[in-house]
Amino acid sequence: MVAGNELKFESPRFFTRIKSMLGVDFYRLFHTPLFYIFLLIAAFIPALILGSGGMENPDGTTSALLYTNVWNAVAANMPLYAFSNIGEYANMNMVFIFGGIMVSIFIGHDYKSGYVKQLFTTHAKKQDYMISKSITCAFAMACMCITYLLGSVAGGLFAGLDFSANVGSLIIAIASKMIMSLGWASLYTFLNVIFRRYFGISIASSFLFGTGLPIIAIGMIFGNEAGSVLNIFLYGSSVYACLGSNIVTLIVCLVVSAAWAAIYNMLGTKLLSKSDVY
Amino acid sequence: MNAIEIRDLSKSFRGMYALDHLNMTVPVGAIYGFIGENGSGKSTTEKLICGHLVPDGGSIKLFGKDYTDSGVRVRVGALIENAGCFPNSSVWMNLMMQAINLNLENREEETRRVLKIVRMEDSSKIKFKSCSLGMKQRIGIAMALLGSPALLILDEPINGLDADGMRIMREILVDITKNYGCTVVIASHLLGELEKIATHYGIIRQGKMIQELSAEEMDGRSQVFASIKTKDMQGAKIILKTKFDNVSEAEGYLRVYDEDDTGSIVGHLLKNGHVVSEISKNKVGLEEYYIELMQAKEGN
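Residue numbers (my numbering), protein chains in the order written: chain A, 1 to 278; chain B, 279 to 578.
Just chain A, same shape as in the assembly (with noise of 0.2 Å):
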């Protein structure tokens, strides 16, 4: 036996074991360009909706402003778990969408490409996975929110927007939605776990929840005073992340991200390990 190969099977311990995973992952997220099309994608929606409000049409008329005020494109004025137009929905949430739709592409990759084998072979303990993909994920949406934030700015500029605000609210409800982030991804490698061996459906699911449509339905049938219950949810709670934004807002999300995000993490551990890989 040559010496490089002694039979010494030392235990990794958990952190290390975490930091090979999150090495790995954000390393391919780093070296791949699905991030950072998806952080340009995250810019130009919020720039393209606040820009081309008041613009000349073709026909000659002028398109509606969806908003007046440029950080209503971040978030509502207060939380609208039910909304009557477009505007009061489209915000900052919709981060969430492409995130999940990012998430299932990452994830969706490991298995198409076969080296989810090479992560299962050399890490026995399938909790690391699920840790390490809603961190990586978690991540690559709160660095969404920030290109999202630049591209209304620009946006906002460009249309000569109003950017009043109260400061303090406002960077509390930025903070909110990017620690919402952590919750979401959570949920998305769930469900990408879940539907492993469909591509697709784990893209249409992690869709259908990233629209919050469920919760608007509730909202929807018991009126926003509803609130307070709905934000024990992932959707409630980005949704109360408004620019009304107080201490207490950045503590509910700060909760319900942590928790959601044990929940499905223990769920998901539990499902691989009970689960064939493939």
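Just so you know, not all the hints are guaranteed correct.
Computed footprint of chain A on chain B; a stretch qualifies when at least three of its residues, placed anywhere within it, have a C-beta under 8 Å from a C-beta of chain A [said to hold, decoys possible]:
{"id": "1", "stretch": "338-350"}
{"id": "2", "stretch": "377-383"}
{"id": "3", "stretch": "386-399"}
No wet-lab data here; the hints were simulated from the structure. Positions of the beta carbon are idealized from the N, C-alpha and C atoms, including for glycine.
Take the given structure of chain A and dock chain B to it, following the hints.
Positioned in the frame of chain A, the structure of chain B alone reads:
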């Protein structure tokens, strides 16, 4: 201590048994040739060892520890079905990712080392999808070799390769086992190729291990025989049967088993008016042994 010790391992897919109480023992340092027909359970066994599938029952021990032990699994390298690389990433990037996955300290050095072993130092910048099948197989071996694995699990590593690719792969496998001292399990249909390198064999049929033996045992069990060609094969066969117990006809030759002395065969035939045009000494190879074993099992 054995590198792999499997006891009563079972796995079914939709009620159909793929493995039925399989037992398997692979000694440390062995090159274990895992043989069986398509669907016999070779790949399933390998996937179970690597933790890709969940067993229905039984136990798998790797180097005396449960196969779910993180310390052992981090020292397992595998090439099962395909290399498991991202097609749009370069060879280098794929290997680097695996080096990070294994938490190796000297990643670039390690990556260069394994690329050298598989003779692909000059191809590291190529995208994986642009590589030929032979190159992909070698990249798969390189991935499995990162981090000095104690156990290598290879599923059909020489399948689909051309003659040159096969030769390179064989040389690589011999190099790995001789110079890097790890235990290797190779599932393959190419018995002739396997025979050149394996130290142990496991023969699986319908999800059950029907025989495990070392290369020496295999050698001991292999019958020697003389192959003979004459003008009148049928007449010669009758004459040979009068003196030798085990005479048969195969592949256009007469075979006299368990007879080392070709002189006495030629002499006996000549004495009875048969001129021998061709005679050679042979040994039943792995392929023939395997076929005979399978036929015997089918007969049962």
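Verification of the supplied hints:
Taking a C-beta to C-beta cut-off of 8 Å, the stretch 338-350 of chain B contributes 8 residues in contact with chain A, enough for the three needed, and the coverage statement holds. Restraint check on the stretch 377-383 of chain B versus chain A: 4 residues with Cβ-Cβ distances below 8 Å, three needed, restraint holds. With 0 residues carrying a beta carbon less than 8 Å from a beta carbon of chain A, the stretch 386-399 of chain B misses the three-residue requirement, and the given coverage is violated.
Violated hint for the displayed structure: number 3, the only one.
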